[in-house]
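*Asks:* Chains F and C are the protein sequences, given in the same order. Counting in my numbering, the first sequence runs from 407 upward without gaps. Counting in my numbering, the second sequence runs from 87 upward without gaps.
No lab work stands behind these hints: they were computed from the structure. Quantities reported herein were computed from a predicted structural model and do not represent experimental measurements. It cannot be assumed that every hint is accurate.
Some chain C residues well away from chain F (every beta-carbon gap over 10 Å; in silico) [unchecked claim]:
no.	residue
1	Leu-164
2	Ala-184
3	Leu-186
4	Val-234
5	Ala-265
6	Gly-268
7	Gln-273
8	Gly-324
Short, incomplete list of chain F residues facing chain C, as computed with Cβ under 10 Å [as the list claims (entries may be wrong)]:
no.	residue
9	Val-449
10	Ser-452
11	Ile-511
12	Phe-514
13	Leu-518
14	Thr-535
15	Gln-659
16	Ala-662
17	Gly-714
18	Ile-718
19	Pro-725
20	Gly-726
21	Gly-730
All C-beta atoms in this analysis are idealised placements derived from N, C-alpha and C, irrespective of residue type, glycine included.
One letter stands for each residue in the lines below.
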Amino acid sequence: MKTRADRLWRVLVGESAWQLAIAVVAVLTIVAVAGDSVFATYVLDSCLLACIGAIGLNLLMGTAGQASIGTAAFLAVGGFVAAGLQRAGVAFPIAIVAAGTGAGIAGFLAGLPSLRLRGLYLALSTIATYYIVMFLADQYQAHAVGSLGFVLPPLFGGYTIIWQERYWALLLGIITIITICVVAAVSGGKTGRALRMIRDHDIAAAAIGISARRYKLGAFAFSSFVIGIAGGLAAYFVGSVSTDNYPFNLSVQYIAMILLGGVDSILGAVIGAAIVSCLPSVIPQVLDSLLGQSATTYGSEVAEILYGVIVIVFITRAPGGLVGLLSRRPSKRLARKLLDPPPAAVGTEAKSTR
Amino acid sequence: VSEFVSSAVAGVALGGVFTLIALGLVLAYRATSTLNFAHGEFMLLAAFLVGRWQADRMGKDGIAVVLAILIVGAVGGLFYLAVLRWMIGLPEFVGVIATLGLAAILDGIMAIAFPAGSYSISLSWLPSRSVHLADATVSAGQLIAAAVSIGVAGAIALVLRYSHLGTKIRACGQNPLLASQGGINVQRIYAGSWIIAGLLAGFAGIIYGAINSVDDSIISVALLVFPATILGGIDSIGGAIVGGILIGLLQSYTATYLGDQYTDLTTYVVLLITLMWIPQGLFGTRRVVRV
């Protein structure tokens, strides 16, 4: 019962939909570059940074199904490697690649417990990774620069503030699109199928010769590489690196992003990252215009409450996230209910979505 | 030697609080298979309530303590009724994420309700003077806190072991289907477990706040208790007590002999070691799925 519109819809918002994700990122970038407000461009820049990290985490948690509450640790590795290399006089692109590589190695090590653990226990082991990384980072920071942390000079130092933000938007937009292409190639091809097989049927995966060890460690390393790139870029973007920048809740925010947008969907990661990273800036403005100036003091707190409510509502009511809601259009569900397809048709339907 | 003894007392005092926290975590886990990431917020909420009450000098401290603990218990129960009750059949991890959402909500509410962000609690039965014990100077408050919290935790463990209610709670934890067939209202027991978890967290928060200070660092204390629950066994009530005291001692000795900054590290290294070699913990049920 598939119409052409249905098929198009699935291409646009299905699991391997990356074209729409690129379109969303492109729109964000163009808005950021065209905008006149420094603040708005800054928010959109942070949003693009979050997109990169969320796409990386989505590969690990969504596609490979390995629970991780350690995103902040990999962001920190990226940030500290970039900051340390910048101090040593290394050029920006090399520092960023090194940041990703460092985080990738950390991710490989953090992934070792995944060979024996899964679910909650694996998540707890990633919290252990977080604390170990933060300890090492703290020691490094204390010995290298003291408790205030690293300060990085602005990357586009010669320009006015608005143009600095605009150049950042361009740079981040391009890197995000490259990330989407690479991750889409990885998760759309053989590797993606193997990862999903391990996620959904690990015994069957082993039976047909998929090495869980190789793919899981690979997923941890590659996802952390992407997150580390985001961490390194964030270090340059924010201009400072300190252990205070990487609270435990940062990992939680990234989990919220991919749950909100839709697990195992690049488009979902982008949408989720955009929403979660914009909430703290947008909610105060909305409150401001609705309730007048007096409400501004509680803007970020209200944003946090709202964010918690969104997490609970989505995890309980829409486990597929926003993308899941979109790809199951009500009309289609209704049609299925009305037509009441025989079991065989259900089987082929389920197969074709994969 | 005096250093050894005073760190032992500090460790057992800390371990006592950990025991209360771990017991709450274990009860909530046994009820709904949910590791509660909002436990730290539960503790902080109670401590903030008492701290603000004392800062405003509103009346007897005893009432404040009881009220604060009851409020946190109510939050736990409400969270079960409003959210976790509807999660039957969903993966365990869904509930864990929901507690992260609850943590964010409570963080936001507390930031609005307690703008000072930092309070101090003084309880008349937790004196700050020090006493001498085997040629070491130890804080009397810490000794009493250790005794009280381990006493409370032990009493609750005994109740769970020997009372009719305890049997029901354990039955629901082991096999909800058979328990409900046996005429137990499973949902009521689960709600009760979450209420008790909240009460314990509130009590632990107030005691911890009274020995230390009340600010959002209390939240990270609960994160440091996860290793204790895993070490003792995530579904073992006795294990929560043993694990709590062991981790408390470990942190205290680490702080004394290595330095404060090493406590998170050693605690979580113990967690990693436990996860890799005995994931069911010292006293837990052996049902961890290994890959």
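*Asks:* Compare the structure with each hint and give your call.
*Replies:* Hint check results:
1. The beta carbon of Leu-164/C is kept farther than 10 Å from every beta carbon of chain F, the shortest such distance being approximately 12 Å.
2. Here Ala-184/C does not stay apart from chain F, with its beta-carbon only about 5 Å from theirs, under the 10 Å limit.
3. Distance check for Leu-186/C against chain F: the nearest CB is about 5 Å away, which does not clear 10 Å, and the non-interface claim fails.
4. Interface exclusion of Val-234/C from chain F stands, the closest Cβ pair being 29 Å apart, more than 10 Å.
5. Against the 10 Å criterion, Ala-265/C stays outside the reach of chain F, whose nearest CB is about 23 Å from its own CB.
6. Distance check for Gly-268/C against chain F: the nearest CB is about 28 Å away, which clears 10 Å, and the non-interface claim stands.
7. Every CB of chain F lies more than 10 Å from the CB of Gln-273/C, the least distance being 16 Å, so the non-interface label holds.
8. At roughly 21 Å, the least C-beta separation between Gly-324/C and chain F is larger than 10 Å, which holds for a residue marked as non-interface.
9. For Val-449/F, the interface hint is violated, the least distance from its beta-carbon to any beta-carbon of chain C being 20 Å, above 10 Å.
10. Interface restraint check: Ser-452/F against chain C, minimum CB-CB distance 18 Å, threshold 10 Å, status violated.
11. Interface hint at Ile-511/F: violated, since its Cβ lies 17 Å from the closest Cβ of chain C, which is beyond the 10 Å cut-off.
12. At its closest, the beta carbon of Phe-514/F sits 16 Å from a beta carbon of chain C; the interface hint therefore is violated under the 10 Å criterion.
13. At a threshold of 10 Å, the smallest CB-CB gap from Leu-518/F to chain C is about 9 Å, leaving the interface hint in force.
14. With a least beta-carbon distance of about 8 Å to chain C, the hint placing Thr-535/F at the interface is held under the 10 Å criterion.
15. The beta carbon of Gln-659/F is positioned within 10 Å of a beta carbon in chain C (closest approach about 9 Å), and the interface hint is therefore held.
16. The criterion of a C-beta within 10 Å of any C-beta in chain C is met by Ala-662/F, whose closest approach is roughly 7 Å, and the hint holds.
17. The interface hint given for Gly-714/F holds, since its Cβ lies 3 Å from the closest Cβ of chain C, which is under the 10 Å cut-off.
18. Among the interface hints, the one on Ile-718/F holds; its C-beta lies about 4 Å from the nearest C-beta in chain C, closer than the 10 Å criterion.
19. The interface hint given for Pro-725/F holds, since its Cβ lies 7 Å from the closest Cβ of chain C, which is under the 10 Å cut-off.
20. Given hint, Gly-726/F at the interface with chain C, is violated; its Cβ is 12 Å from that chain's nearest Cβ, farther than 10 Å.
21. Here the hint on Gly-730/F is broken, as its CB sits about 14 Å from the closest CB of chain C, past 10 Å.
The structure fails to meet hints 2, 3, 9, 10, 11, 12, 20 and 21 from the earlier list, while all remaining hints are met.
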